[in-house]
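Since the structure of chain L is provided, determine the placement of chain G on it from the hints.
Here is how the chains run, residue by residue.
There are 2 protein chains.
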Amino acid sequence: MSGGVKGFRFAGVHGGIKKDGALDMGLIAAEEPATAAGVFTQNRVRAAPVVLSERRLLGGSCQALLVNSGNANACTGRAGRQAALNLTRAAAAVLGVPQALVASASTGVIGVQLPQQPMLEAIPALVDDLSANGAARFARAILTTDRGPKVARAEFKVGWSVCRILGIAKGAGMIHPNMATTLGFAMTDASIHRSTLRRMLVHATERTFNRASVDGDTSTNDAVYALASGAAAARPIAEKSAAARKLAAALEEVLETLAKKVVADGEGAEHLVRIEVRGAKSDADAVQVARTIAGSQLVKTALHGCDPNWGRILAAAGRSGVGFNPDHVSVKIGAVPIFDHGVPVMTAKTESKAASTMKRREYEITVAVGKGRGIGHYWTCDLGHEYVRINADYRT
Amino acid sequence: MSGGVKGFRFAGVHGGIKKDGALDMGLIAAEEPATAAGVFTQNRVRAAPVVLSERRLLGGSCQALLVNSGNANACTGRAGRQAALNLTRAAAAVLGVPQALVASASTGVIGVQLPQQPMLEAIPALVDDLSANGAARFARAILTTDRGPKVARAEFKVGWSVCRILGIAKGAGMIHPNMATTLGFAMTDASIHRSTLRRMLVHATERTFNRASVDGDTSTNDAVYALASGAAAARPIAEKSAAARKLAAALEEVLETLAKKVVADGEGAEHLVRIEVRGAKSDADAVQVARTIAGSQLVKTALHGCDPNWGRILAAAGRSGVGFNPDHVSVKIGAVPIFDHGVPVMTAKTESKAASTMKRREYEITVAVGKGRGIGHYWTCDLGHEYVRINADYRT
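Protein sequences, first through last, are from chains L and G. Just so we're aligned: 345 in this note's numbering is position 197 of the first sequence, and the numbers increase by one with no gaps anywhere. Just so we're aligned: 400 in this note's numbering is position 252 of the second sequence, and the numbers increase by one with no gaps anywhere.
Chain L with its partners taken away, still in its complex shape (with noise of 0.2 Å):
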């Protein structure tokens, strides 16, 4: 992995949580208080680092970012708000910046405290491992049962200045054991007031983040984290500029990339599907209504058996609570009409053209629902055996 983004250094070590040995802890250090936003799980139940981040960014900065993998600090009571208290306390003295401006996030099982101990003696190991190049570590080091690293990058222009976003995250599919638990990181070295920042995270995490499937259950972990260093030469990007549409487009791009890589490394997964639906009322009618097909149980196993079965689409879509007529309902797979204005179209030859494009990796499903200007999409990815052997089996 190329370079990283200036004003920024990270790092990754093995802090005594995963019993392999593997890279546990993970660490971002601005080199001076950063720009941040983020955006947490929605759940009831949230973990200690959610609720210690969520109050430390109210601020608008953050300097660090400390994170855990194989341990998700989560239904840990008191205890692990303490743990969480003392591992960024310790942090925040090894680097030399003040507590507050530490953050940090955690993965892993639930319901067991984290080992403190040992975390805490790895700090100081943990900051001797940041550099500029550090990246690679440390998107291995946020990892649980991915298949591999994620990250993303994109470049836009301010002026006559280049600046970078590099995006780091961690999340399989559908199927995490530990709840699906995703994190997203995205650094900027350009320059942008806080709250212009979290307008742009929030709105790219609901069109990225928000739009992939995974298996319906939130978890209580769940974060992305925006962080803007400034360090780029570049001017200040003010609010509703052509610089702040570009520095919005290259973060829901990078988002978007990370995304697609979480809902594609379902273990299990061999298919990312693209639910696209037009022609709703409005964009949250789209959304709604391929919210529910890409989460059906029915139509993810159609997608592993590679089967262009219209029937469990529209039955999936008649029940997302948005109101259309049937009877407008057309479906393509990829380029391919296999139901048209309420009738099923399908020939055997269109079928065996349906079912060849669902053999590829990746793909899109298209659902007309009517007349309106409405478009949103979703992201998927099939129900396979693996799923069931890796949740069913994960304990015993």
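For the record, the hints were derived by calculation from the structure and aren't laboratory data. Treat the hints with caution; some may be incorrect.
Which residues of chain G face chain L? A partial, calculated answer using Cβ under 8 Å [what the hints assert, rightly or not]:
| # | residue |
| --- | --- |
| 1 | Thr368 |
| 2 | Gly471 |
| 3 | Phe472 |
| 4 | His533 |
Here are the computed lysine to any residue pairs in the SDA-like style, where the Cα-Cα straight-line distance is at most 25 Å [claimed, not checked]:
| # | chain 1 | residue 1 | chain 2 | residue 2 |
| --- | --- | --- | --- | --- |
| 5 | G | Lys480 | L | Lys166 |
| 6 | L | Lys480 | G | Gly225 |
| 7 | G | Lys519 | L | Gln190 |
| 8 | L | Lys480 | G | Ala227 |
| 9 | L | Lys519 | G | Gln190 |
| 10 | L | Lys519 | G | Arg226 |
| 11 | L | Lys166 | G | Lys501 |
| 12 | G | Lys167 | L | Gly225 |
| 13 | G | Lys166 | L | Thr495 |
| 14 | L | Lys166 | G | Ala496 |
The beta carbon of each residue, even a glycine, is placed where N, CA and C say it ideally should be.
Just chain G now, with coordinates in the frame of chain L:
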């Protein structure tokens, strides 16, 4: 199967739909027009017989119910609507009853036209087959991928007279390839006003069939009917009388038994699990939490693996949209506490006890979310390899 219910006759024949010559057409006929009520799928995409029957039941009377399996007559457009009309007209003619008093239901593949000609030709034989003891044949004629027929009975007294309810259903747990269609029929010889019967049916369906987590997909064809012949030598049941309460309880008991049979009949489902939620602010809140837990893929795969995974239960509760304090949550598997007031309490001993409870065919998981009076339940089953095999490999 012993006996029927006064005032009704039942039949089942092969009408040329199923390739293997199995029974695929069923008929329920009342001697006189029966008081009738129906509850129909909320899916926007509704099969032709659903649309036809809902309209015909508006008057609160029905004398015959024509049911076929093997073909859902859904997404079949104008031709499908005409077929439903033709078939009920033919049945009415042979039975000698008004066409407006004949309702119909279908279940099976969707998007394929009914083989109308052989079905029309089979109607005289179907009417010939009618008998007071024919319920077993009817129960078989409406099955699709069910493991076997589903019948339930109850009795209650109105004054000195015994009244009966006979319930017959089809539907296979979480996984029916044809979108999990559930059909339910409850026949009683009690005498009751149509508006009272309707209220009772809506209430009982809400607490039984609508508390059974299939796979979250609502079929195009789901329907539950109640028919009252008034043929028992009992006085008419007045609303809010003791007899009305007895009938309501008996109806709920019959539908509950049928709904459990439907959930338990998931191909591959090995466990029937009642999720009970207590301590919510309202019953509606409790049901909502129970529904979210019951529908969670991660919970259902854990049930399959006999894994007392309170984390997944808690995470599902947390995203149900219902407010509660995680520190007040407790979870029991059967009688075994595994999570108590926000903290896991499993020891090696209780874990093994919980795991052995989870090996049972049927058990309960209780989730207390606070000190409120709200209580509610949901039936669910485990998600195993068979589910994937059947649903992914259905057409291929």
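Quick rundown of the hints versus the structure:
1. Thr368: 6 Å, holds
2. Gly471: 7 Å, holds
3. Phe472: 6 Å, holds
4. His533: Cβ of His533(G) sits 5 Å from chain L, so the hint holds.
5. Lys480(G) - Lys166(L): Roughly 30 Å separates the two Cα atoms, so the pair is violated.
6. Lys480(L) - Gly225(G): Status holds; Cα separation ~19 Å.
7. Lys519(G) - Gln190(L): 23 Å, holds
8. Lys480(L) - Ala227(G): Holds, at about 23 Å.
9. Lys519(L) - Gln190(G): Satisfied, since the Cα-Cα distance of roughly 23 Å is no more than 25 Å.
10. Lys519(L) - Arg226(G): 21 Å, holds
11. Lys166(L) - Lys501(G): The given pair, whose Cα atoms are some 28 Å apart, is violated under the 25 Å limit.
12. Lys167(G) - Gly225(L): 60 Å, violated
13. Lys166(G) - Thr495(L): Distance of about 22 Å is within 25 Å: holds.
14. Lys166(L) - Ala496(G): 22 Å, holds
Hints 5, 11, 12 from the list above are not met by this structure, while the remaining hints are.
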